[in-house]
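Engineer: Now for the letters of each chain:
2 protein chains.
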Amino acid sequence: MSDGTGKPKTTTSRRRFLGAGLALGGAAIAGKAHAGEGEAAILEKKDWNQYLGDGVDARPYGHPSEFEKSVVRRNVAWLTADPVSSVNFTPLHDLDGIITPNGLCFERHHAGIAEVDPAQHRLMINGLVDKQMVFTMADIMRFPRENRVYFLECAANSGMEWRGAQLNGCQFTHGMIHNVMYTGVPLKLLLEEAGVKTNAKWIMPEGADASAMTRSVPLQKAMEDCLVAFKMNGEALRPEQGYPLRLVVPGWEGNMWVKWLRRLEVGDEPWHHREETSKYTDLLENGKARRFTWEMDAKSVITNPSPQAPLLHKKGQTVITGIAWSGRGTIDRVDVSIDGGRNWMPARLDGPSLDKSMHRFYVDFDWDGSPLLLQSRAMDSTGYVQPTKDQLRAERGTNSIYHNNGIQTWHVKANGEVENVEVS
Amino acid sequence: MSDGTGKPKTTTSRRRFLGAGLALGGAAIAGKAHAGEGEAAILEKKDWNQYLGDGVDARPYGHPSEFEKSVVRRNVAWLTADPVSSVNFTPLHDLDGIITPNGLCFERHHAGIAEVDPAQHRLMINGLVDKQMVFTMADIMRFPRENRVYFLECAANSGMEWRGAQLNGCQFTHGMIHNVMYTGVPLKLLLEEAGVKTNAKWIMPEGADASAMTRSVPLQKAMEDCLVAFKMNGEALRPEQGYPLRLVVPGWEGNMWVKWLRRLEVGDEPWHHREETSKYTDLLENGKARRFTWEMDAKSVITNPSPQAPLLHKKGQTVITGIAWSGRGTIDRVDVSIDGGRNWMPARLDGPSLDKSMHRFYVDFDWDGSPLLLQSRAMDSTGYVQPTKDQLRAERGTNSIYHNNGIQTWHVKANGEVENVEVS
Numbered sequence: 112m113s114d115g116t117g118k119p120k121t122t123t124s125r126r127r128f129l130g131a132g133l134a135l136g137g138a139a140i141a142g143k144a145h146a147g148e149g150e151a152a153i154l155e156k157k158d159w160n161q162y163l164g165d166g167v168d169a170r171p172y173g174h175p176s177e178f179e180k181s182v183v184r185r186n187v188a189w190l191t192a193d194p195v196s197s198v199n200f201t202p203l204h205d206l207d208g209i210i211t212p213n214g215l216c217f218e219r220h221h222a223g224i225a226e227v228d229p230a231q232h233r234l235m236i237n238g239l240v241d242k243q244m245v246f247t248m249a250d251i252m253r254f255p256r257e258n259r260v261y262f263l264e265c266a267a268n269s270g271m272e273w274r275g276a277q278l279n280g281c282q283f284t285h286g287m288i289h290n291v292m293y294t295g296v297p298l299k300l301l302l303e304e305a306g307v308k309t310n311a312k313w314i315m316p317e318g319a320d321a322s323a324m325t326r327s328v329p330l331q332k333a334m335e336d337c338l339v340a341f342k343m344n345g346e347a348l349r350p351e352q353g354y355p356l357r358l359v360v361p362g363w364e365g366n367m368w369v370k371w372l373r374r375l376e377v378g379d380e381p382w383h384h385r386e387e388t389s390k391y392t393d394l395l396e397n398g399k400a401r402r403f404t405w406e407m408d409a410k411s412v413i414t415n416p417s418p419q420a421p422l423l424h425k426k427g428q429t430v431i432t433g434i435a436w437s438g439r440g441t442i443d444r445v446d447v448s449i450d451g452g453r454n455w456m457p458a459r460l461d462g463p464s465l466d467k468s469m470h471r472f473y474v475d476f477d478w479d480g481s482p483l484l485l486q487s488r489a490m491d492s493t494g495y496v497q498p499t500k501d502q503l504r505a506e507r508g509t510n511s512i513y514h515n516n517g518i519q520t521w522h523v524k525a526n527g528e529v530e531n532v533e534v535s
Numbered sequence: 112m113s114d115g116t117g118k119p120k121t122t123t124s125r126r127r128f129l130g131a132g133l134a135l136g137g138a139a140i141a142g143k144a145h146a147g148e149g150e151a152a153i154l155e156k157k158d159w160n161q162y163l164g165d166g167v168d169a170r171p172y173g174h175p176s177e178f179e180k181s182v183v184r185r186n187v188a189w190l191t192a193d194p195v196s197s198v199n200f201t202p203l204h205d206l207d208g209i210i211t212p213n214g215l216c217f218e219r220h221h222a223g224i225a226e227v228d229p230a231q232h233r234l235m236i237n238g239l240v241d242k243q244m245v246f247t248m249a250d251i252m253r254f255p256r257e258n259r260v261y262f263l264e265c266a267a268n269s270g271m272e273w274r275g276a277q278l279n280g281c282q283f284t285h286g287m288i289h290n291v292m293y294t295g296v297p298l299k300l301l302l303e304e305a306g307v308k309t310n311a312k313w314i315m316p317e318g319a320d321a322s323a324m325t326r327s328v329p330l331q332k333a334m335e336d337c338l339v340a341f342k343m344n345g346e347a348l349r350p351e352q353g354y355p356l357r358l359v360v361p362g363w364e365g366n367m368w369v370k371w372l373r374r375l376e377v378g379d380e381p382w383h384h385r386e387e388t389s390k391y392t393d394l395l396e397n398g399k400a401r402r403f404t405w406e407m408d409a410k411s412v413i414t415n416p417s418p419q420a421p422l423l424h425k426k427g428q429t430v431i432t433g434i435a436w437s438g439r440g441t442i443d444r445v446d447v448s449i450d451g452g453r454n455w456m457p458a459r460l461d462g463p464s465l466d467k468s469m470h471r472f473y474v475d476f477d478w479d480g481s482p483l484l485l486q487s488r489a490m491d492s493t494g495y496v497q498p499t500k501d502q503l504r505a506e507r508g509t510n511s512i513y514h515n516n517g518i519q520t521w522h523v524k525a526n527g528e529v530e531n532v533e534v535s
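Protein chains in written order, with this note's numbering: chain A, 112 to 535; chain B, 112 to 535.
None of these hints come from the bench; they were simulated from the model.
Note that the Cβ used here is the ideal one computed from N, Cα and C, for glycine as well.
A few of these clues could be false.
[To be verified] Computed footprint of chain A on chain B, listed as stretches where at least three residues anywhere in the stretch have a Cβ under 8 Å from a Cβ of chain A: (1) 188-195; (2) 211-222; (3) 306-317.
Chain A with its partners taken away, still in its complex shape (with noise of 0.2 Å):
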């Protein structure tokens, strides 16, 4: 795989692939699926070619197929007292590119889904203002906006792990993380529209559901990137994504991200409410605490191989894939290792790469069956390149929960199955 350079052998020759197939009249057979079966047998499977199917006055509104039951959030019943207060993790190893469908999104409530009416709700900016204005939805919809993709990861993403493996599934230990297209008008419209008074420096977002979810987001984040979105991947968000208005804070940790949004505050100093406070801080080894992380840092993970989807075909031609993103700007780099972190080759970058959006890689591997340490690296825009685990408890050992940036290991078996470890 490695020649020694770093550079994998990703040749696109034909020889490299055969074997993937079943070559007819031949005596290779590749997989287990079709051992044995003859052109004869497999035709004879193929009964939608004799039957109709549902007409399209069936389905207003489209499912997936229920082959694909399997492809559904999980929610960790142990992580939390209560889901109403809890998160259902994305199905990461399911998935590939770098849109998240809408109904797969990881979701993380404080007091469940509010199912808001959007005839009924409504924006008000107050404080530090020339005027407090109220909006219908009907009059941020007449404001210019803008659609951009952006990931959305949750601080506490990978946070179970900071101690040691312990989830066996990157749906669990990554899956606090979507990427959607988002439609949205500028905060910044928004806040000039009520006239931001010269001493303002901060801004409060606040949710309409049970929990009233508040954060302090600095004046100059709001007007730079900012969106109030009303849509994600071309429809209006789910009610678990903050229907019919949230805050997108692009490239910052998830929490800010105030869903159900119904109320702006301007001010000259940040509120350090509960949020901000007694939550996402990080207790240092110190007994210091890291405050206003807000910047996601640049992470990776493998999506494919990995615990819920193991290698079935043993050996050969194998895809691993993963994906990578920075609050910080675009992903310039991923390196891939086999033996866990010793050797290093540079991934496949494919797809769009967007400013703070995910991206995808592979790497197209002749696996020979023996078992890997699997490991992935991003680099960021800024240069800023993805830590080890050991190198970030070095810096604020063992008592975070948040902002767990480091490098994941799965061990892959030579019987093809994967687990979650460590190595040192």
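Based on these hints, arrange chain B on the given structure of chain A.
Structural biologist: Then chain B, alone, in the frame of chain A:
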């Protein structure tokens, strides 16, 4: 709106948006939805502050809000003899950005929706190849993948409008289009695996449904950019989009993107099957027929306002928005007219500009409340400019069904209602 130079007045000064929101304590009230409401009344309606919602265990696969239940695909009963061979239109007027959510992608079947079991599904390559091959889905997953966003437009999109304005809504006049991110294997790699003989010039993809859809595709296009796709917007293809496997033929008419793809025959001449002779050819005025009109010409339509999405606020700051696309590249420019094509102003293109993908445009417009004749006109990266319907008719007569990319006109009345009209 126009200063005679064709350049719109699109300043984003504060003054311009005044009146789009309710100034608290002032007399100004914008929009009837909250006329007469004070701050107290507004806050009383925010019930969700008082209730816990569903927890994270409630929705393994999410769905839109109940308040969005009108956002669905729709069919036109009189259009076809039976819903198993018909079309379900994308609600373009309800969408924004450039990604079509999977549940709302238009569908067109010839024998209903096949519900193919991916474990049973096979893709065969036969004909002029060194060795005939049969691939399982697992085999296909072992080839290198790409992720690309492409529009898919039915050649018959807008076809009912050839002889004049007929259907009242862009969902029906232009809704045979969607735009998603595909994940798939370059067709080139699969053909190279089978070994294409030197005299091969064409391929014939075939579907596994009861219509066994076939089309002739030039080998050059197959080797250039076609994909054998298994995912759309991150998740598995939907059944109505050919789950588990469809051909992607970027920029070319949708009928060639064979769904439930089960076979690729390689040949030295086109097959002249039904769907490229009696259908998908254009009968001209002189009795001759255009055939093999594969590429979709540059086209655009204003999606808001439109007959299903009237201008309820009557006057003032207004967002005009729409979509544009070309089978030959990107969209370089969209112009919008409010007077039926006499004067034009450039629209603002927003969101990623990707090859053979939908583009989103906006005009941020201060409406004086007088009637409008709205039009949009796209120019693609080849310099081609979208024609008027009359220009198309002068060229091709009125017998055509396919490839109507003429400029669409919406008549916005003073009361905000919108109707489909033609101007000459």
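Engineer: All hints are to be evaluated individually against the structure, with a verdict given for each.
Structural biologist: Hint check:
Counting residues of the stretch 188-195 of chain B whose beta carbon lies closer than 8 Å to any beta carbon of chain A gives 3, which reaches the threshold of three, so the coverage claim holds. Closer than 8 Å: that is the beta-carbon criterion, and the stretch 211-222 of chain B has 10 residues meeting it against chain A, so the requirement of 3 holds. Chain A is given as covering the stretch 306-317 of chain B, and this is violated because 1 residues of the stretch bring a CB closer than 8 Å to a CB of that chain, at least three being needed.
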